[in-house]
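Peer 1: Use these hints to put chain B onto chain A, whose structure you have.
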Amino acid sequence: MIFHHWKNTYWLAALLLALCANTAQAQLNIFACEPEWAALARTLAGDTARVYSATTAQQDPHHIQARPSLIAKVRRADMLVCTGAELEVGWLPLLLRKSGNAKIQAGQAAYFMATDHVALLEKPSVLDRSLGDIHAAGNPHMHLDPYRVQQVAEALASTLVTIDPANTNNYQKNLRNFIHEWSQAITQWEKQTLELRGKRIVVNHNNWIYLERWLGLERLAVLESRPGIPPSSSHLAKVLAQLKQKPADMILYASYQNNKPALWLSKKTGLPVVGLAFSPSDKENLIQWFDRALHQLLRADL
Amino acid sequence: MGKSLLMAVITVTLFNSSLVFASSETDAIQQQLDAIKKEYGQAIKALEDRLLKAEKGAQVANDQAQKLALQLEQSNTARTSSSAQNSFNPAISLILDGRFASFDNNPEDYELPGFALGNEAGLREKGLSIGHSELTMSANIDDQFFGQMTLAFDEHDGETETELEEAFIQTLGLGNGFTLKAGRFFSEIGYLNQQHGHAWDFSDAPLIYRGLFGDQLIDDGVQMTWLAPTDTFLQLGAELFGGSRFPAGGTTSGIGAWTAFADIGGDIGIEHSWQLGVSHWRSDNIKDRKSGGHAHGTGEAETPSFSGDSKISALDLVYKWAPKGNPNNQNFKFQFEYFDRDEDGEVLMLNSGPPLETTLYDGDQKGWYAQAVYQFKPQWQVGFRYDRLDSNNRGSDADVLTEAGLDNEGHKPQRYSATLEWLPSEFSRLRLQYNHDESYEKTDHQLFLQYTMSLGSHAAHQF
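Respectively, the protein sequence lines represent chains A and B. Using the numbering used here, you'd call the opening residue of the first sequence number 304 and step up by one each time. Using the numbering used here, you'd call the opening residue of the second sequence number 9 and step up by one each time.
Bound-form chain A, shown alone (with noise of 0.2 Å):
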């Protein structure tokens, strides 16, 4: 009887031990929001850590559900990098408050927002949910523009020093790896887009901003009336007979978004369509994705 009881005690202590030992990996454990970050992680880290993205390119990260498999990833999570600026703001909060974990809360270090570490765009002087669903810190959609995921790249090698001081020298030659590969594509992607330069572009959900800045694309008209609100068959006749007056040159819709209303439009105007991969896939580094999605541009374009 005592043997049996002490053999119990020698079973719950092993699995506490190995439990133990699942949690005290030596490498970092990234929680990613998006593919974009977890991509850089990647990147930063090399193989010190081990990556994590919460969702694909073929998710709207405004609209995920709390899953109990993403409660699970945050409590064993070591860093968080996320977008921030409201963008997860319906499911980020709540998994941070289930996960118990205390190092990736709100205002720790291991807390990593994109959108802090870079100036928005379109900040809304007004805010009123009749405009639909807008981001009082402005468009968090910035992993659109080079110049910026640089700035933050910058931000997050740095947080990852602050981290994990014993691999610094890795992060810091990463970090400068990056930016050297990194500067050339965009002179490269700058070469190769001039074409695309004065464009005019109808986009389905204004989340193309950074992008439209950068290779000098203008935006014509919008699909949704308002961010978030399905378009109307209303709203869809006007930017239909605003096209007649003034014709754009391709509709752009991000590949999580329900492509219906583009192809309709697409139908009606002869216009090519993009739906354009908004964020890297798994096995897509920054540069392979900025590649892939600038040539589905640059191919609708001809």
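Errors might be hidden in some of the hints.
[Claimed, not checked] Capping the alpha-carbon separation at 25 Å, the derived lysine to any residue pairs in SDA-like fashion look like this: (1) B:Lys385 / A:Arg529; (2) A:Lys376 / B:Lys385; (3) A:Lys406 / B:Ala99; (4) A:Lys376 / B:Val286; (5) B:Lys332 / A:Ala580; (6) A:Lys376 / B:Thr238; (7) A:Lys406 / B:Ile149; (8) A:Lys376 / B:Ile177; (9) A:Lys502 / A:Ser428.
[Unchecked claim] For the chain B half of the interface with chain A, some residues (derived, Cβ under 8 Å), not all of them: (10) Gly166; (11) Gly181; (12) Leu182; (13) Phe186; (14) Ala190; (15) Arg192; (16) Pro237; (17) Asp239; (18) Gly273; (19) His280; (20) Gln283; (21) Gly333.
[As the list claims (entries may be wrong)] Pairwise CB distance ranges (calculated): (22) A:Ser461 / B:Phe153: 27 to 33 Å; (23) A:Ser461 / B:Trp388: 45 to 51 Å; (24) B:His453 / A:Asp431: 56 to 62 Å; (25) B:Phe186 / A:Glu457: 31 to 37 Å.
Hints listed in this document are in silico derivations from the structure and should not be mistaken for laboratory results. Note that the structure is predicted; figures quoted are calculated from it, not measured. Even for Gly, the Cβ is constructed at its ideal location relative to N, Cα and C.
Peer 2: Chain B only, in chain A's frame:
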């Protein structure tokens, strides 16, 4: 004499020579001073030059900074400053709810044979009425705590009642997966219980929630949960309650009720997710839990009162599907819950007699519901639900049992519900619901048209 002369000569000679020596030293110092002066002059000149250069540089830098600042300003990037007093105000959200209800039967006649109804249980008013309005305030208190309070406004018999529905604090920084909650909160028993009514997919609570909890189990106490550090979601938790609120009851000192629960969940691929939970609620010391009984024509209503012990066991399952894991355009949700309650004690009819009518009571009540909700396009959703209850209560006095509404009268309550919802945005919802209600022998057809609107800060909804 000769000696003193010699002394004088020596002295003069010495004095003179020292004078000569002094004069040559002054020259050297003078020269050195000149050299130093020259050197310093050059150094100062160099410094002045550098200062001038630096000033020019600063000018250029300043110009550039101004240009950048201008650019930043043009791109409308002003960061919000946190100096204003109200920027630390808690997040406020307001739920407005109203409905039109139509019943074939008189809602006053509603009963659930085998279940003594208490708390909020029952049908609400016929016709137009406002529903359950809620005001919620929440915020991180500091780096260790989160706090939330919800005031609920309800209409009861022509009077507006305000109820403190939730008021709790919760730890953020315990770490190692532990979270402690204290105050008044929704118990984690079952699945639906911990969600606010406005987040439910139907206008009314499942019959088993109505029968056991009077719609929802809220109590004052503490809750501890632990989340396992595993890839599969595994949560264990326990709650200690004062136990003065339905379906516990009475004045108890210390701990009147407790719960224990475990949830496990995860994803299957990218499109499917699930959660399975078991939970148990127990109160060993219920005193005078009042509930509504049979209406008795004229005179003061006799009210059943239960004293004894009560145990509830529950099983819940939730499954969700979204194409490509993106629930925004289309999604599907299935949920199932089963409850079983076992009670032992005594039932007393207040205001009866004399002598007071009383019976020993051995209660066995169970029930389940299953529901499926399908959002088939971005703004539209349909839902179906089936409810089923059963009971096998025994007592020493069958008549008293019947009077207390605890005899099932040979009837097994069931209900079919269907909804159609229009969701203009994530902040608003219009719902049409039909119930084919066989709660008691006379079948009722119920129709609801309901709006639910959410104002203020963006709500985050649980899985």
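Peer 1: Now tell me, hint by hint, if it's right for this structure.
Peer 2: Now the hints, each set against the structure:
1. At roughly 18 Å between alpha-carbon atoms, Lys385 of chain B and Arg529 of chain A fall within 25 Å of each other, so this suggested pair holds.
2. Proximity of Lys376 of chain A to Lys385 of chain B is assessed by CA-CA distance (about 30 Å); at most 25 Å being required, the pair is judged violated.
3. Simply put, Lys406 of chain A and Ala99 of chain B have alpha-carbon atoms about 23 Å apart, close enough for the 25 Å limit, and the pair holds.
4. A hinted pair counts as satisfied when its Cα atoms are at most 25 Å apart, and Lys376 of chain A with Val286 of chain B qualifies at roughly 22 Å.
5. Taking the CA atoms of Lys332 of chain B and Ala580 of chain A, the gap is near 15 Å; set against the 25 Å cutoff, the hint holds.
6. With a C-alpha separation of about 8 Å, the suggested pairing of Lys376 of chain A with Thr238 of chain B holds against the 25 Å cut-off.
7. With a C-alpha separation of about 17 Å, the suggested pair Lys406 of chain A and Ile149 of chain B falls inside the 25 Å cut-off, and the hint holds.
8. Between Lys376 of chain A and Ile177 of chain B the alpha-carbon distance is near 24 Å, which keeps this suggested pair within the 25 Å criterion.
9. Distance check on the hinted pair: Lys502 of chain A and Ser428 of chain A sit about 28 Å apart at the alpha-carbon level, beyond 25 Å; violated.
10. Hint on Gly166 of chain B is violated. Least Cβ distance to chain A is approximately 33 Å, over the 8 Å limit.
11. For Gly181 of chain B, the suggested interface contact is upheld, since its CB lies about 4 Å from the closest CB of chain A, less than 8 Å.
12. At a threshold of 8 Å, the smallest CB-CB gap from Leu182 of chain B to chain A is about 6 Å, leaving the interface hint in force.
13. Because the beta carbon of Phe186 of chain B sits about 5 Å from the nearest beta carbon in chain A, less than 8 Å, this interface hint is met.
14. Below 8 Å, beta-carbon pairs count as interface contacts, and Ala190 of chain B has none with chain A, the closest being about 15 Å; its hint is therefore violated.
15. Below 8 Å, beta-carbon pairs count as interface contacts, and Arg192 of chain B has none with chain A, the closest being about 17 Å; its hint is therefore violated.
16. The beta carbon of Pro237 of chain B comes within 5 Å of a beta carbon in chain A, closer than 8 Å, and the hint placing it at the interface holds.
17. Because the smallest distance between the Cβ of Asp239 of chain B and any Cβ of chain A comes to about 6 Å, under 8 Å, the interface hint for this residue holds.
18. Of the supplied interface hints, the one on Gly273 of chain B holds, with its beta-carbon coming within about 3 Å of a beta-carbon of chain A, less than 8 Å.
19. Proximity of His280 of chain B to chain A is violated relative to the hint, the smallest CB-CB distance being about 10 Å (cut-off 8 Å).
20. Of the supplied interface hints, the one on Gln283 of chain B holds, with its beta-carbon coming within about 5 Å of a beta-carbon of chain A, less than 8 Å.
21. For Gly333 of chain B, the suggested interface contact is upheld, since its CB lies about 5 Å from the closest CB of chain A, less than 8 Å.
22. Take Ser461 of chain A and Phe153 of chain B: their Cβ atoms lie about 29 Å apart, and the range 27 to 33 Å holds.
23. At roughly 47 Å, the beta carbons of Ser461 of chain A and Trp388 of chain B sit within the given window of 45 to 51 Å.
24. At roughly 41 Å, the beta carbons of His453 of chain B and Asp431 of chain A sit outside the given window of 56 to 62 Å.
25. For Phe186 of chain B and Glu457 of chain A, the Cβ-Cβ distance of about 35 Å falls inside the hinted range of 31 to 37 Å, so the restraint holds.
Figure legend: structure checked against the earlier numbered hints; hints not met, in rising order: 2, 9, 10, 14, 15, 19, 24.
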